[in-house]
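Those protein sequence lines, which keep their order, are chains A and B. Numbered continuously in my numbering, the first sequence closes out at residue 218. Numbered continuously in my numbering, the second sequence closes out at residue 1628.
Don't take every hint at face value.
As the list claims (entries may be wrong) - Below, computed lysine-lysine pairings styled on DSS-like, alpha-carbon distance capped at 27 Å:
#  : chain 1 : residue 1 : chain 2 : residue 2
1  : A       : K182      : B       : K1484
2  : A       : K125      : B       : K1366
3  : B       : K1386     : B       : K1328
4  : B       : K1500     : A       : K148
5  : A       : K148      : B       : K1625
6  : A       : K125      : A       : K148
7  : B       : K1482     : B       : K1470
8  : B       : K1339     : B       : K1416
9  : A       : K189      : B       : K1328
10 : A       : K182      : B       : K1366
11 : A       : K148      : B       : K1484
12 : A       : K148      : B       : K1416
13 : A       : K189      : B       : K1500
14 : A       : K129      : B       : K1366
Stated by the list, open to error - FRET-style restraints, in silico, Cβ to Cβ:
#  : chain 1 : residue 1 : chain 2 : residue 2 : range
15 : A       : T170      : B       : N1316     : 33 to 41 Å
16 : B       : T1526     : A       : Q195      : 26 to 34 Å
17 : B       : F1555     : A       : Q162      : 21 to 29 Å
18 : A       : T170      : B       : V1399     : 39 to 47 Å
19 : A       : T170      : B       : S1371     : 25 to 33 Å
20 : A       : D131      : B       : N1558     : 22 to 30 Å
21 : A       : Q195      : B       : C1507     : 41 to 49 Å
Note that these hints are calculated values from the structure, not bench results. We put the beta carbon where it would ideally sit given N, CA and C, even for glycine.
Below are the chains, spelled out letter by letter.
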Amino acid sequence: MEHHDFETDGLWRSFLTLLHVAIVLVLLGLVFALSEKTINEYLNRPTFSKEHLEESLRKRGIARAVERQDDWGLIENGIHVKTGLKNDENLQLIISSCTSCHSAKLITQNRATRSGWRQMIEWMQATQGLPDLGQAEPKILDYLAKHYAPEQIGRRANLNMAEIEWYILNLEETE
Amino acid sequence: MNLERRKFIRYSILVSLGSAVGVPVVYANNLPEGLDLVGLKEDLITKFPGKSDAMTVLNDRPINMETPAHLLNDDLTANDLFFVRNNGLPPHKVDVNSWTLTIEGESAKTKKVYTIEELKSKFETVSYQLTLECGGNGRKEFNPPAKGNQWSTGAVGCAKWTGVRLKDVLSDVGVKSNAVYLGYYGADTHLSGDASKDPISRGVPISKAMEDESMIAWSMNDRDLPKLNGYPLRLVFGGFPASCSGKWLEKIVIRDQVHDGQKMKGSSYRTPCSPVPPGAKVEDKDMCIIENMPVKSLITYPRTGATIKVDQELPLAGHAWTSANEITKVEYSIDFGMNWTTCKLDPSANKYSWQNFSTKVRFPEPGYYEVWARATDIDQNTQPILLPGWNPKGYLNNACHRIAVKIEA
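Can you make the complete structure from the sequences, with help from the hints?
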């Protein structure tokens, strides 16, 4: 009897062991099934598409710039939107001569007489590798001296009233 | 568009994308090379790495941006609000572990090369609050106009810089008794893409280099230097034009003559040795290098254009700075300079730190007013109301700052 009992006991133990292994396998399978989606998502994660990039840029609030990139020649109120340069018949010449090396902002924020602009061109030729502009130079100088000439502001200009954004200062918070 | 520029633009977009979608730049690196960022044009980069959208961009190539006055109101200028004056293109790949600083030159006793880790372990780490101001800050107001970035008032900031004293490192290398000047070279590249050209290589007299507050810094306000402000290593000299404080610092040369690197000659960072009338043509030989920056102040609260009631008091606040030991007085005027009233002035954290001033202002009757501020330093230097001496490149404008205020009944 004891011998028989022993055998039954052994079989029972084997069965329990098998059951444990099966449970572990099922659990592993479940874990895999649950994470397969994540793993596949990782393996098949989207590469950067145009849409993805634009969406990211849009999130950063620069959608206007993205939309505007097609409007290369757009002129608004006499200003070439793309560069901020004033529009006239020499605009394209200015764009091609100047903006391949530096920002158009370097033109639009500066003011000089014709000779002052010539000095800047000479400086760029002497130090920055600008080639001789040939017959284009007088046209470029015409454009710059016409649109970006100095204003007579005296020893100190008034505060620019047009630039000031008036606002009600809320003093409740600070008091 | 040359290759370096492409790389930089690509890099800037990757960096901003990285922060936009909350993933590290390594993710953006998966972007296939050939995609060319869907043909993005350079003007699409309206965001700059590590910088606030509130900055005023004067130039995007090279990057130059200033801070609106009312955003400089904090005691220390935040990293994303600190102005940027770049002469070339910042390095697009920085490996902080392999970055080295070489010190050599005619007047160096030996040549030494340090990693950043070696600088940190070998020398005492120090922190100072130092004001940096571009020599051309305020250029916009000069008449006849001066060429260059038309800075208004915001090419200035004061941060807590952490690093080592330059003099400690120079002493470790050994400075010969004939040393005159110190020059720097950075890892930024010339706009033309020409690798043989330095965008800028300036420096300071050896006496300035040996001051306690002259630093080699790796940290700004307890964080890494912003990419556009010289990450991972830069010089910081308070009181001198900020162009002396070389960024992306790779090499220092100890010279036996005045350093002759890029932007040390001609009209760059130089003013007439003797005063000239506005618009004068000045020969190179008559131009002298700018050293100490003048006393100056800025109203940072309120923003210009404030409107209040006549029975209200206007809180006024700002900063004042000087290359002298300290600011001793800040005054304001609401009647175009006829009467001046003294403001409360905080002490300086250390030499070359800006000092805060504040007060409350009452206005006698409704109308249009300008609030002007004027600082005086311990050497009795003060600020002019009109523009100071005209110079060909429009440097050193320390005319008093003005804001407009409207008082209603």
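Cross-check of the supplied hints:
1. K182/A x K1484/B: violated, 31 Å
2. K125/A x K1366/B: Holds - the C-alpha atoms of K1366/B and K125/A are around 23 Å apart, at most 27 Å.
3. K1386/B x K1328/B: Distance ~14 Å between K1386/B and K1328/B Cα, so the pair holds.
4. K1500/B x K148/A: holds, 25 Å
5. K148/A x K1625/B: violated, 32 Å
6. K125/A x K148/A: Within the cut-off at roughly 11 Å; holds.
7. K1482/B x K1470/B: The hint holds at about 17 Å.
8. K1339/B x K1416/B: violated, 31 Å
9. K189/A x K1328/B: It is violated: about 57 Å lies between the C-alpha atoms, which goes past 27 Å.
10. K182/A x K1366/B: holds, 20 Å
11. K148/A x K1484/B: Since the Cα atoms of K148/A and K1484/B sit roughly 25 Å apart, the hinted pair holds (cutoff 27 Å).
12. K148/A x K1416/B: holds, 23 Å
13. K189/A x K1500/B: Judged against 27 Å, a Cα distance of about 23 Å means the pair holds.
14. K129/A x K1366/B: Distance of about 19 Å is within 27 Å: holds.
15. T170/A x N1316/B: 33 to 41 Å: holds, 36 Å
16. T1526/B x Q195/A: 26 to 34 Å: Given a distance of about 31 Å, which is inside 26 to 34 Å, the answer is holds.
17. F1555/B x Q162/A: 21 to 29 Å: violated, 36 Å
18. T170/A x V1399/B: 39 to 47 Å: violated, 25 Å
19. T170/A x S1371/B: 25 to 33 Å: holds, 26 Å
20. D131/A x N1558/B: 22 to 30 Å: At 49 Å between Cβs, range violated.
21. Q195/A x C1507/B: 41 to 49 Å: violated, 29 Å
Against the hints set out earlier in the document, violations occur for numbers 1, 5, 8, 9, 17, 18, 20, 21.
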